[in-house]
Amino acid sequence: MINWKVILGIARTHLLTKIKQTSIAALGVTFGIGAYITLVCFMTGLNKMLDDLILNQTPHVHIYNEIEPSNKQPIALYKEFENALNVVHSVKPRQTQKRIHNALALLEHLNEDTKVKGAIPQIKAQVFYLAGTIELGGTITGIQAMEEARLFNFKDYIVQGSVQDLESNFNGILLGSGIADKMSMTIGDRIQISNSSGEVFPLKIVGIFQSGIAELDNVQSFVNLKTSQRVLGEAENYITDINLKLHDIGYAPELAQQIEQQFGLKAIDINTANAQFETGTTIRNLITYAVSITLLIVAGFGIYNILNMLIYEKMNDIAILKATGFSGKDVQLIFMSQALIIGFIGGILGLVLGYLLSMTIDQIPFDTEALPTINTYPVNHNPMFYVIGISFAMVSTFLAGYLPSRKAKRIDPVRIIRGQ
Amino acid sequence: MGAVLKAVNVNKYFTKPTRFHVLKDINFEISKGEFTSIMGKSGCGKSTLLYVLSTMDTDYEGSLFLNNELVTGKERHELSFIRNRDIGFVFQFHYLLSEFSVLENVMLPAKKLAAKSLQEIEFDAIQKLKILEIDHLAKKRASRISGGEKQRVAIARALINNPAIIMGDEPTGNLDSYNAQNVFNIFRQLSDEQGLSLLVVTHDRDFANKTDRIITMTDGQILS
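Chains as they are written, first to last, in the numbering used here: chain S, 1 to 420; chain R, 1001 to 1224.
Worth flagging that the hints you see were computed from the coordinates, not collected in a lab. Fair warning: this is a prediction, and the values are worked out from it, not measured in the lab. Don't take each hint at face value.
Below, a list of computed lysine-lysine pairs in the DSS-like style, where the Cα atoms sit at most 27 Å apart [unchecked claim]:
hint, chain 1, residue 1, chain 2, residue 2
1, S, K407, R, K1016
2, R, K1140, S, K20
3, S, K329, S, K409
4, R, K1210, R, K1130
5, S, K18, R, K1139
Start from the sequences, fold in the hints, and give me the full structure.
Shown next, in the form of structure tokens:
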């Protein structure tokens, strides 16, 4: 028979008459939770941005032909030397072509796989950029521009011009920003490139590309698949690379292995290619959590302190309540509900504070070479953080209130009354 | 008339700082409507006895009956309930909840008992305040009234659940003679007019002399 109305009434009176202390305790929670929300939104936003930086433009599986020595040397095929120890000196890489054999059929096969979000071809070619008498070495990559934009956020790295301009212009080139600067060229200008055999092709600059990695921007340009085939003087089935994007990134290693075995090609999955990046993400997340938990614990101790003091001040009240028939449990509930009310109000205000702060951060300009499309600091407004925030506010105030209230429960009224 | 309160062979020891036999074989009973006072020198154990009788102190030997019901050995929450319903307290230092209004202080034990609706409780509380002639203070904060008034509020609070017995631990000990007289008159009146049982520990010989019965204690024993 717990009379909640009476208990909450007493708790409310206690809180309201000590409004200063109550506000300070609630503010402790507010700042803790607010800082947590701000920090976690900001840090996960940054993390996500860094992840995207790598993940979006990196294929989950990259298929190509590697120039490498044969695993099996011819001598291994001789039955006579089967059980002998064969030593081959001066092994050379195998003569092989850069193109992927029967690439169009392979593309079709990969695109049929339901786990694959998309498989798109690329052609990589070594070229020279010509400007008057100056020759600059570089690479061009033939792409299906619209597909690249769909699967690998290609659009984010085009600072001038657009994907459509490249897609629709078979004489167009998306020039790396570094080359454009060096050659003082801009959108609309014409550039000449020559292939390794010295043939010259005039192309029109339809856009400027900037990845943020200077070394890449100084050599890399993009053209249409067909344009690159023309530059290389190859047929339409000439394809050097296939990039895969999967629905589930975890499937990448398995698929890569499968492709290597089935087709005899080199397939690199994203985890192998970016192992150090994974570690970085894990550590950043770890730091985020460590800092947030610290903040919340500090807020919890604040509440603990204030409730403890409140109970010392209220010794007389506790004794009276007990003498007039309130049980220890009633008294405990009075103080517990005070803690939880402080936690709830402080927590809600904390969410509001966190929201406002993270919105402010979201508006602060953030210009970086590396990310041409990002203008403000990245913030991840995940509703889950708010749920975690308020839950932690409640849990920590519960714990912070539990110990002092248990003490209140155990106070012997006779000692207090006779002590005076 | 039946016994409201009965103590049988009550013994109590203090263990700190050394073992000390503070109540020795206490046997007595209080009849319904009796106004009893307990007298004795400081340290004779009279307050200790009162707190044993109040059910707040459970660390004793022997048995205690309230309204012919054994209360010794009951669970703490049951004892709380009994205190709430059957026993009213008046202490030496008024012991009101200072942050609550006078009316709320009086109503609180009844709200806890929850036997009546809020309107009835409020009505009762105002009735009790009227009996004690302090109904004009109802809305004031308990910390804003004088000592004598506080003690009367405490009495009103003790009365709110119409208890079987009212216990007082030197209820006039902290009051001037005018207010002490006033409080005594209130007790006397309650006893005479409403047949309330009262058990009051006091140092005040004049006060004790005017009660129905005096229990004198010396060194943990009842003399008379």
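Evaluated hints:
1. Among the hinted pairs, S:K407 with R:K1016 is consistent with the structure: their alpha-carbon atoms are about 21 Å apart, no more than 27 Å.
2. Between the alpha carbons of R:K1140 and S:K20 the distance comes to roughly 22 Å, so the proposed pair stays at or under 27 Å and holds.
3. Restraint check: the Cα-Cα separation between S:K329 and S:K409 comes to about 6 Å, which is no more than 27 Å; the hinted pair holds.
4. With a C-alpha separation of about 24 Å, the suggested pair R:K1210 and R:K1130 falls inside the 27 Å cut-off, and the hint holds.
5. Distance hint between S:K18 and R:K1139 is fulfilled; the C-alpha atoms sit about 19 Å from each other, no more than 27 Å.
Hint compliance for this structure: every hint is met.
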